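Student: Construct the entire structure; sequences and hints are all you get.
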Amino acid sequence: MDFDVIIVGGSYAGMAAALQLVRARRSVLIIDAGSRRNRFADSSHGFLTQDGNSPQAIAATAKAQLMAYPTVQWLEASAISASKTDTGFQVGTDTQSYQAKRLLLASGVTDQLPEVPGLAERWGKSIFHCPYCHGYELDQGPIGVVAASPLALHHALMLPDWGPTTLFTNECFEPDTEQKAQLLARGVVIEPSKVLQISGKANVQLSNGKVLQMAGLFTQPTTTVNSPLAAQLGCQFEQGPLGAFIQTTATKETTIAGVFACGDNARMAGSVAIAIGDGSLAGAMAHQSLLFGTISH
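Under our numbering, the first residue of the sequence shown is numbered 1, with each subsequent residue one higher.
Treat the hints with care, since some could be wrong.
Calculated pairs, BS3-like style, for lysine-lysine (alpha carbon to alpha carbon, straight line, at most 27 Å) [stated by the list, open to error]: (1) Lys194 / Lys180; (2) Lys201 / Lys125; (3) Lys210 / Lys180; (4) Lys194 / Lys210; (5) Lys101 / Lys125; (6) Lys180 / Lys84; (7) Lys101 / Lys84; (8) Lys125 / Lys63; (9) Lys210 / Lys84.
I should point out that these hints are in silico values taken from the structure, not numbers from a laboratory. Nothing here was measured: the structure is a model prediction, and the numbers come from that model.
Tutor: So, in structure tokens, the structure goes:
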């Protein structure tokens, strides 16, 4: 069966895009590998009407509402190949190929975490990346920034709005004189010793023997786009502060005509609310491209 649009990725951005398309009565196939980026978190914040709900509950409600439309199909699989055809695109999984007039990439990204013992087990629970998503719940308690890159400076300058902040430079980042003055002006404590491990809820054990108890920690993962399809098709990428992401126009079309991208794989950073808005725009623009044609690249 041929589809109007194949969407690779069934998390928030992909489902939001699909909703616009099925409400326009277009046929949509969602191919989803089942690895939402925020699956480690217990709650999601900053999204109107859903603040504090679990990511699992938000995704489950969205899927149930989306699948009530008759023109959408859901395939639990990994899309491993994509190519242009005379009429659009062909997308392949391990077992089958599917055809569509348009392709929308919403596969998300994977976080590559700093190699600090105890950090990965607490990711999304008491160690985070986004203060807007998780800072308020720390209730103005002591916050630690575990440096993994120079972006730690940005974190450390922001986070005093959420609680007293300590920057653990962790032998990864050494602020210069001007940066130290900026941190001092924000009341940030600089701890230069190496972080040996994280224990308890968010206790930081240092090489100098100290153990500092934090309400929560923030760090700077790097990201990689989950799906190989954009690269296979020749889409251009942009380099962001966390990693490369798919380049798109204001209409969410990539540098390959007829291929759209949205969500975390097409932004330098994001959240649930931003992903949903991004997906809604991409879905509407993909629909309009079916009516009026795509922008020539």
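Student: Are there hints from earlier that the structure breaks, and if so, what are their numbers?
Tutor: Result: hints 5, 6, 9 break, sorted rising.
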